[in-house]
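Student: Kindly generate the complete structure, drawing on both the sequences and the hints.
For our numbering, add 333 to where a residue sits in the sequence shown, where the first one is 1.
Worth flagging that the hints you see were computed from the coordinates, not collected in a lab. For glycine and all other residues, C-beta sits at the position ideal for the given N, C-alpha and C. Check before you lean on any hint, since a few could be wrong.
[Claimed, not checked] BS3-like mimics (lysine-lysine), calculated; alpha carbons at most 30 Å apart, straight line:
(1) Lys878 / Lys657
(2) Lys488 / Lys415
(3) Lys936 / Lys842
(4) Lys902 / Lys751
(5) Lys601 / Lys486
(6) Lys1255 / Lys1269
[As the list claims (entries may be wrong)] FRET-style restraints, in silico, Cβ to Cβ:
(7) Val1150 / Glu1216: 20 to 28 Å
(8) Asn1161 / Gln964: 51 to 59 Å
(9) Glu1089 / Asp1124: 17 to 25 Å
(10) Lys1144 / Lys972: 46 to 54 Å
(11) Lys972 / Ala602: 55 to 63 Å
(12) Ser545 / Asp363: 29 to 37 Å
(13) Glu1240 / Gly1070: 44 to 52 Å
(14) Asn696 / Glu999: 52 to 60 Å
(15) Asn1234 / Glu1025: 54 to 62 Å
(16) Ser1155 / Glu1059: 27 to 35 Å
(17) Glu1240 / Phe1132: 27 to 35 Å
(18) Gly433 / Ala464: 25 to 33 Å
(19) Glu949 / Val593: 54 to 62 Å
(20) Pro917 / Glu1089: 26 to 34 Å
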Amino acid sequence: MVQLYNCHPFGSQRIVPTKQAPEVFCCGRDSVFVTCAGGCKVEVFHVSQELCQPLCSFNTLGKVLHMSYSEVGDYLVTIEEKNTICSLRTYVNWRCQTAGSSRISVRMVGLQSDALHSAASKDQMEIIEMALPETPLCLSCCPVTGDLLVGCKNKLMIFNLKYISIQNVPVLDFDRSLLLHITGIVPIQVYLCADYVGIISELEVLVFRLLSESDDRSSDVSGGSLDLGSLLEKGNKDKPPLTSARVFDSEDFVVFDRPVELIGEECKACSIGISPEAAGLSAGSQSPSTVQYLLYRRFAPDLNDGISVESTILHSLQLLPMYKTESHVIAGAENMTTERDLLSLFCFFSMPQAGYLYSLLNNVQPISVYQYPERSQQAVLTPQLLHVITSNNLQCFTVRCSAVAVREEDPYIDTTMKTCPPVSMDVCTLRMQLFIGLKAIQHFNNYIVILTKAEVEDVAEKRRNSRKLSKKSGSIKKVSRETEPGWNLYIVSTTPAVQLYREMVEYSKRYETVKTQGSIHLLSEAHLLLRAALMNPGLMDVADKEELTVAFRESCAHLGDCFSRLDTKNSHLALPYYKMSSLPMCEVIDRVLSKDASQDYGKGFMFYLKHSLFEELDEQLSEEMALKVLQIFSTAEPKQMPHVLCSPCMSKICPAKAFGFLEKIEAVACSALISLTKAAMALKMQDFQAFEAEMQRHPETQLLFGFLEEPRLLVRRQNGEILPTEMAFHLRDTQPGLLVVTLVAFHENSKIHLKEGEIFFKVLCERLDEDDVPQMLVDFWEARLSSYPPDSILQDILFKLTSHYVCRICKPHHVCVKSLKSAEDLRNSCSHFGVISPWVTKMVSSAPSSCDHCGDLLKLQSLICGPSLEIASFLPFLDFIPEDNNAYLSIHLICATRFLNYESSIERLLDRCPEAVTLYAKHEIKGGSQAVWWNKLLPELCSRIRKSEYTDEILVSSLKDTLEMVSMELDLQDFLNVLPDDGIAAFFLPYLLNQSERKLMH
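Tutor: The structure is reproduced here in structure tokens:
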């Protein structure tokens, strides 16, 4: 349903001072071009902010039937008729006529550069004649490239705009580049924009894209691509051509084809064929490989006025480009405009009773349908508004182009940080301005140009209404009797975007008393109007841009106010609109409270307030404003008060008053989170007794869950850094175990990252040096390892722990700090810590270490003995661990053993700690490696005992244990073969015989 508002998008109007009745006109940049009925002359009028004055005039070679102006290249192109022959001509450098120059040159398109030598003069106008294979019917200048499209009955011709440098003077020229053969449609209007082409006949419209070979390979646009080489051969064998009407032989019936809409691949079903043919005179001119059909639509005529289709034909075809925000000026040709990257492209066409707007880029989709209250004559689309003329009314409709474009430029526009009114929002009419005898309309810059030709009987009616019109619209000047013939060419200035926005805001206040969507709708229209103005690449003035930006932020604030009062599914939009308004939270609260004192806060406002308070914002509310926030939540959502008080924005709240609010809530529903929040407030009041009382009300497990509900009790973020709170510092000294376990839970539940946890403990323990690791951080790593972290961080934590342990044991005079868990506690609670072998314990007991108190050596040994540490990653640390102590040597031997280097380990044990060699062999040498016992250890023991002259009791004891093991594993004959033959073994012969007998008994 179209909503009608009575705003004023039109400002003052001026009359183009033509002396004769205008027949054809066009406009662009700063000029209006007019040809009068029956004349072969073009009058040019300069349009400024206040005046419309004659600029120049020049003669044409025939009667002008159609003409169009291109801002790119600053040229005028016409279809002229002379002696019943229609020709296409382009007028270049026409501005030299303003200096009174009468020099004119005429040449054919595609003339070689050497022939242009004499024409390369800045003080003469050029007429470029363009030969066509058929009579031209319509034409279009591309607003992006300046290329020219000409429509004939069976063909479309494209001329590429180019510049040729003649004696260092840029001369505009055209290249006849492409000929498109068309079947199944006779164009009455064409439009060219970049590579996109639109055609309409009486009741059909077709939009397609021209693709080069490179575009065809990389194109990902929704649409059907046709092989043009076989298109005409395929013809339309399956069905007859589509025409606007098919008539039976019987004179009693007229049958029309049914209406149809085809998008993308479906367009292949239409009967319109297009085949390209290279027609360029330059060597570089090539034909595209494919034509990609995007949109086809066929209408049925309106039979309300009989069977004639003349009053129901399509009109006002237009392809509207919108560009990316950034642009830059092309260097080189002085007449070239700013280079613009195409962001969105829209297609508009109209029937007399309805207009249709489609989006073509990326996805072909319908955007809006405009239902006119009366039959339209012509329409023109702009990024801000749609202007439509009927016989007696100039109408203005809102459009959705900026809503589409902003989403194509930023796919993440609809988030909690930013948003935009939806594309699907109903269109509305802003104004219906009365004119008599409207015939044609065009738009350029901030002006609407309209042609009126009133019938004789309408003039009297116009006199009666002139005074009424001047009263209704104060900006419309009263028409004098001297300018009251039956025709006029008006230049109507459009209201600046900011001024129209402010009027729409005032108009929206009519709906504020009732909570309806009316106010939101009109404010959304005003918001889109400002968005479109900001996306205009021609917006260069810094002051204008700043004014638009301020108005845009203000519109966001107004929309935020509207959505904050709603309790619907869209109430959450209050948050992104307030974000885009750049208003501080205190101003937003004041805005809402000043408009609603009933304490009935809308869902949208509460959503904004909660989300803003839960963010890590730098804004701090004053004590008075913080108390207001607390009162709001005590009324609306009391359960959220603990979370609200933990917000950094609420740091200035009076802790005593906050404590009182929490006690009221606790009387209704007690929880660990409320007790923890009260404890935090007690700390701010320096009431340590109250703090301890609150902490003792719940067991540590419930306190842990309370911290998980609100991590900001312990952790706050400031300028992207993580910092401990006052409660965290207090727990460091009183309950370090609870603090460490809580931080581990934070990491497990993705409340903090591992790196953030490390920074937290360094700041907490005031150890900011990278090499100085506080014991609480080590406790955190150990506790996190005991909670079995994922594989993605397991090796990282193991590396951090091992590097710390190595650093500590390599400092013999380090200060031992007792950790939360001993090595035995870690082994019992975590499988990543392995059981230390008995031979390692033997080595450590024989050489006491200075770090027995902190247990770092035992923890390191346990980690290396465990199954999780990648021993290869630990090898570089061995270079820092000395071997002068058996405890340190054990680290080296554990690593060697992990790599199965038993023989070298045995030799080093025999040298340094022989009492551990048998334990080493029993614990490590197993299975297929047991041959080391008798092939390496037994001979080595015998040799060392002989050298010590049989006095080393440790070696003798080790030899006895070894012989016992060997005698049990080997047969008697094999056992005797491994004994040395130097007589040493005879000393053990009685023992060996006893062992052999025991083996035989088994």
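Student: Checked against the structure, which of the hints given earlier come out wrong?
Tutor: Per hint list: zero violations.
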